[in-house]
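First residue of the sequence shown? That's 629 in my numbering, and the numbers climb one at a time after it.
Among the hints, a few may not be true.
Unchecked claim - BS3-like, lysine-lysine: derived pairs with alpha carbons at most 27 Å apart:
hint, residue 1, residue 2
1, 756, 661
2, 1130, 1063
3, 710, 756
4, 1107, 1143
5, 1171, 1144
6, 1081, 1130
7, 1107, 1147
8, 673, 661
9, 710, 724
10, 1143, 1076
11, 1062, 1107
Calculated from the structure, these hints are not laboratory results.
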Amino acid sequence: MVEERVQEVSVDTQSVESWLSCAQELVPVAVEKAREVKGFPGRWKMIISKLEQIPSRLSDLSCHPCFSKNALCKEQLEAVTKSLKESIELAELCLKEKYEGKLQMQSDLDALSGKLDLNLRDCGLLIKTGVLGEATVPSTVASSSSEAEGAPNSNIRELLARLQIGHLEAKHRALDSLVEAMKEDEKNVLAVMGRSNISALVQLLTATSTCIREKTITVICSLAESGSCENWLVSEGVLPPLIRLVESGSTVGKEKATISLQRLSMSADTARSIVGHGGTRPLIEICQRGDSVSQAAAASTLKNLSAVPEVRQTLAEEGIIRVMINLLDCGILLGSKECAAECLQNLTSSNDNLRRNVISEGGLRNLLAYLDGPLPQESAVGAVRNMVGSISLEVLISLGFLPRLVHVLKSGSLGAQQAAASAICRVCSSNDMKKMVGESGCIPLLIKILEAKTNSAREVAAQALASLISLSQNCREIKRDDKSVPNLVQLLDPSPHNTAKKYAVCCLSCLSSSKKCKKLMISHGAIGYLKKLTEMDIPGAKKLLERLERGKLRSLFSRK
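Given these sequences and hints, build the entire structure.
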């Protein structure tokens, strides 16, 4: 009777209810047959425990409002029915002792146990993930499971659900369809992507099939680059398999995995985790031997990691300094060189040991040479600025430090100019150095930066001038520049965001010995500014105010 029923259902591919009825009838038969078997007791005991769980799972499925409309539900019932049939067949072979060999039967029973595990898990997932209510497809599509799995335009939610249920080959077909769907409408796929789908994709990263891993990493790379799923990806454990792909994956796998890490490492917490999972060394190896795209992505990832202060020493111990210095010279893409410069800037920002390591490896020479090229200079100048206090002035001069700073001040971006001005502040520790900087042609360029739009650039330029002006010949040069006094007076603005005012007061105080400069200060409104700065207790403001007011008073009497 049961065999007739199975035959009937195998023909009736449209009726979900028929598959349910057949499965419900097969369960007690399978359990009864299994209990009669005397051989392989441990394996059959485990199989029986799984068979006994099936009725409750079938009940959960059948109670869902969308039970009869869902293609996934029907396919799941087909899979359960097939496992039940196989259980009955194996039980009968064991009872009759007609199997080919003991080891073969043990293998078959283990395979059956795995299938029952998968059936139970997938039935549970259909309920827990809400797929039954979402993945309803037209009957014309549901009529063929293979077509539903392969059609690029099939329901996206169903495709995502198929990544979680069924055997590996079914997931592979769903993955193919998902890749096609993302090519056609990535935005729509991302809109319905859930955490359980992310988890399923992460699990597929460890599949034994290279083809499946490559397709999976392609999807995950798109998810990472979208910026909408980073937290889910990390929380579902994507970092270890990504690092393993960077380490030993195929060419495509390495490239996509490295790009994924590049995007994910923008978060400081994730950057720490990448280092903690051993991701530094594989990324360094990609920088040394990878193709152009992978190298650029790896360099960018390492740059992101170096932005986290507490991991910098670990990065250095893995050999990052030597590799970044080499990239300044030999990076395949310009982006690799730029990332290397920024990485070195990060590494040298707060650690004296790392600064000395970069210098001893020849990094300062390479950074200064980098400034001669067409690439953005800000990070390289920043790295040089970080190291100037750790190297003798004689060495700096011999390496062409000052001409390159002048070049940056003259033609670099505002950020690069700001870093160069900051470097000047750091080297002006002696009159000899102040004299060399003044003679290099920096002063007119610094005066021009006083007109910059950003407060930080104006501040560091004013600070550099305040360092230089204490030397008389530099002071005379600043006096001769027609823009110096007007620009400095503008920096007396008492507003809180103006952090350059104390340096402006210092410079103007030095210039106030000149009658011409005092007249210019007064004519540009310095007295009004200084009265407010005096109330704010800005150092030197009161003294400069008194000097200007005395000069104004004498001028008034002389006119009378």
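So, going through the hints one by one against the coordinates:
no., hint, result
1, 756 x 661, "violated (32 Å)"
2, 1130 x 1063, "holds (23 Å)"
3, 710 x 756, "holds (23 Å)"
4, 1107 x 1143, "holds (11 Å)"
5, 1171 x 1144, "holds (18 Å)"
6, 1081 x 1130, "holds (18 Å)"
7, 1107 x 1147, "holds (12 Å)"
8, 673 x 661, "holds (12 Å)"
9, 710 x 724, "holds (21 Å)"
10, 1143 x 1076, "holds (23 Å)"
11, 1062 x 1107, "holds (16 Å)"
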